[in-house]
Amino acid sequence: MTTLTLAKALNEGLRRSMEDDAKVLLMGEDVGKLGGVFRVTDGLQKDFGEDRVIDTPLAESGIIGTAIGLALRGYRPICEIQFDGFVFPAADQIITQLAKMPLRSLGTLKLPVVVRIPCGGGIGAVEHHSESPEVYFTHTAGLRVVACSNPADAYTMIQDAVRCDDPIIFFEPKRRYWDKAEVDLAAPGLPLDRARVVRPGRDVTLVAYGPMVKTCLEAAAAAEEEGRDIEVIDLRSLNPLDAEVLTESVTRTGRCVVVHEAPVFTGFGAEIAARVTERCFYHLEAPVLRVGGFSTPYPPSRLEEHYLPDLDRVLDAVDRSFAY
Amino acid sequence: MTAHAPRGADAPPELVQLLTPEGERVEHPDYDIELTAEEVRSLYRDLVLVRRIDLEAVALQRQGELGLWASLLGQEAAQVGSGRALTGADMAFPTYREHGVAWCRDVDPVNLLALFRGVNNGGWNPAEHNFHLYTIVIGSQTLHAVGYAMGIQRDGGDSAAIVYFGDGATSQGDVNESFIWASVFNAPVVFFCQNNQWAISEPLEKQSKIPLYKRASGFGFPGIRVDGNDVFACLAVTRAALRNAREGQGPTLIEAFTYRMGAHTTSDDPTRYRLANELEAWKLKDPIERVKAYLFKNELADQEFFEKVDAEADALGKDVRDRCLALPDPPPGAIFDHVYAGAHALLDEEREQYLTYLAGFER
Chain A
1 MTTLTLAKAL
11 NEGLRRSMED
21 DAKVLLMGED
31 VGKLGGVFRV
41 TDGLQKDFGE
51 DRVIDTPLAE
61 SGIIGTAIGL
71 ALRGYRPICE
81 IQFDGFVFPA
91 ADQIITQLAK
101 MPLRSLGTLK
111 LPVVVRIPCG
121 GGIGAVEHHS
131 ESPEVYFTHT
141 AGLRVVACSN
151 PADAYTMIQD
161 AVRCDDPIIF
171 FEPKRRYWDK
181 AEVDLAAPGL
191 PLDRARVVRP
201 GRDVTLVAYG
211 PMVKTCLEAA
221 AAAEEEGRDI
231 EVIDLRSLNP
241 LDAEVLTESV
251 TRTGRCVVVH
261 EAPVFTGFGA
271 EIAARVTERC
281 FYHLEAPVLR
291 VGGFSTPYPP
301 SRLEEHYLPD
311 LDRVLDAVDR
321 SFAY
Chain B
1 MTAHAPRGAD
11 APPELVQLLT
21 PEGERVEHPD
31 YDIELTAEEV
41 RSLYRDLVLV
51 RRIDLEAVAL
61 QRQGELGLWA
71 SLLGQEAAQV
81 GSGRALTGAD
91 MAFPTYREHG
101 VAWCRDVDPV
111 NLLALFRGVN
121 NGGWNPAEHN
131 FHLYTIVIGS
141 QTLHAVGYAM
151 GIQRDGGDSA
161 AIVYFGDGAT
171 SQGDVNESFI
181 WASVFNAPVV
191 FFCQNNQWAI
201 SEPLEKQSKI
211 PLYKRASGFG
221 FPGIRVDGND
231 VFACLAVTRA
241 ALRNAREGQG
251 PTLIEAFTYR
261 MGAHTTSDDP
271 TRYRLANELE
281 AWKLKDPIER
291 VKAYLFKNEL
301 ADQEFFEKVD
311 AEADALGKDV
321 RDRCLALPDP
331 PPGAIFDHVY
341 AGAHALLDEE
351 REQYLTYLAG
361 FER
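Residue numbers (full-length UniProt numbering), protein chains in the order written: chain A, 1 to 324; chain B, 1 to 363.
Note that these hints are calculated values from the structure, not bench results.
From a predicted model like this one, the values you see are computed outputs, not experimental measurements.
Be a bit skeptical, because a hint or two may be false.
[What the hints assert, rightly or not] Short, incomplete list of chain A residues facing chain B, as computed with Cβ under 10 Å:
1. Asp42
2. Leu44
3. Ile64
4. Arg73
5. Met101
6. Leu103
7. Ser105
8. Leu106
9. Ala141
10. Gly142
11. Leu241
12. Thr247
13. Pro263
14. Val264
[Stated by the list, open to error] Take a look, some chain B residues computed to stay more than 10 Å from chain A by CB distance:
15. Val110
16. Val146
17. Glu202
18. His344
For glycine and all other residues, C-beta sits at the position ideal for the given N, C-alpha and C.
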């Protein structure tokens, strides 16, 4: 076992992917000498060369568009979008080309492109650096969308994403980049499309992904002192969604609260609420509740603590669930 | 140019031309080409067959058999000339109008019709023909071509990529980004812009204040304007640009100066925005007539040859029509196929539910 930050775990995973397959490329803004603004690609250009770790011109559509071309030539590009709010210039290439080209080709073309996006708030950043754009991509058929929440998953999930023949949007919780944990570099991970019960409990199911998993675990620990036994699910994959783990859990607990940073309105929680209601209707003791951002643009950082779900807002929702 | 002058009808002086509209062979110091009689006859045949496929497709659309068709009428020389410049290993990235290039890459025309009929979104295997799928969103494919060319560089390959786009596309961010990428990485790619003077209803003046080929210099690579209705010149200029790309000299922008003789697509009505005299002026520059005149004048082909090509075109038109009409609609379950390469639980569930629902009607 090795102690790694989440950023370093991703770095190790990327290194392993590049060692395993000479067709794997890294491309993005400042990923070379600088090692990325979060240092996730630190040292990789030095070891794998400028042809495999490519500092690109500053244009996101260009990054994804040329990655598609490289994939058509047999490469497996991993693209870094520097911040969540900068992905939109690339949205056209992702949505109209990357996601749809395999279908357009009737399966003759595979596009194994990974788009890494640091996501979420909580770091006191300026505008466009704290967003959670996941549902734009979960709503786009042809893409897989995953979110890692901890160093061990980050290490295996990035490698599994690179091995996958489908295009993947890979969300990284930027405020957790510096969180440390033990990582077994030899252990295989849970399959990429599977959710995980990260804390078993009997009374209520908290559903989260990415940065909110830690928040939910903290809430569960706090609630334990008050005698509530909270189960926490880390979805890991948003598309496809592991409905089995969800159904099994909520069927047992009878209560479900979904937590994410993105706005609640038409957020990913809406999909969870609908699915859980369809599958667990006769087991539910309360409606599925959602905790998330408000129907506002992400606020200036001095206000972000009010926007971001925290331990208290999560437990408030748990209390409301029990009030039914 | 005033608003009422026939657009582009006076050939600009800087344009590379090897065959005049009257069928006279002219020399060019930088771009000459040696063609055997057989090669010229073969080019003529391609031009005629491609036009015939196009006419048949327009007719099929008018008869309700295709949802839409984007005609290449008038652009045959630009497409056949550039398409014939490609080697088997070169990779072409088309728009949705490159039926002539598709022909040169041995893509069965029925595959093109299947797309416009709504049977699929592109039924040929790009790797088999080194001809990518049609791209409908304007300009997106330029970046794919540059990325592909970067792959060729990394493979140490002895080939190049060529990407097709129109005058309207030059306003797209992706096209400009692709110019930057190609330039900075010295990618082996040829940008082949068919300037057909119109982006649906918008004339070139809405896209650019300078000739399009001059854009290249600002990005740091050569640009050249060629008579897009001259199949010899298109072949020669594209061949040279591809050779330069393969030899590591980076990208070239070719502006093929041509004219869209038909509507943008079968849904369009050009009488609303352009004058008939413009069309008449361009008819005199027809890409096929000049090759025919050249073959006649130089006694490289006799009447029998032309009749044979016409008969072949008619047979091809009929064959394409018959096979288009025989295309089966895909089964309902095909909606769910090929969305993902691997298993996808959500999609599998939806497929099962929908097919079960459909089966309920059969009881």
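Query - Numbers of unmet hints, in rising order - result: Failing hints, ascending: 1, 2, 12, 13, 14, 16 and 18.
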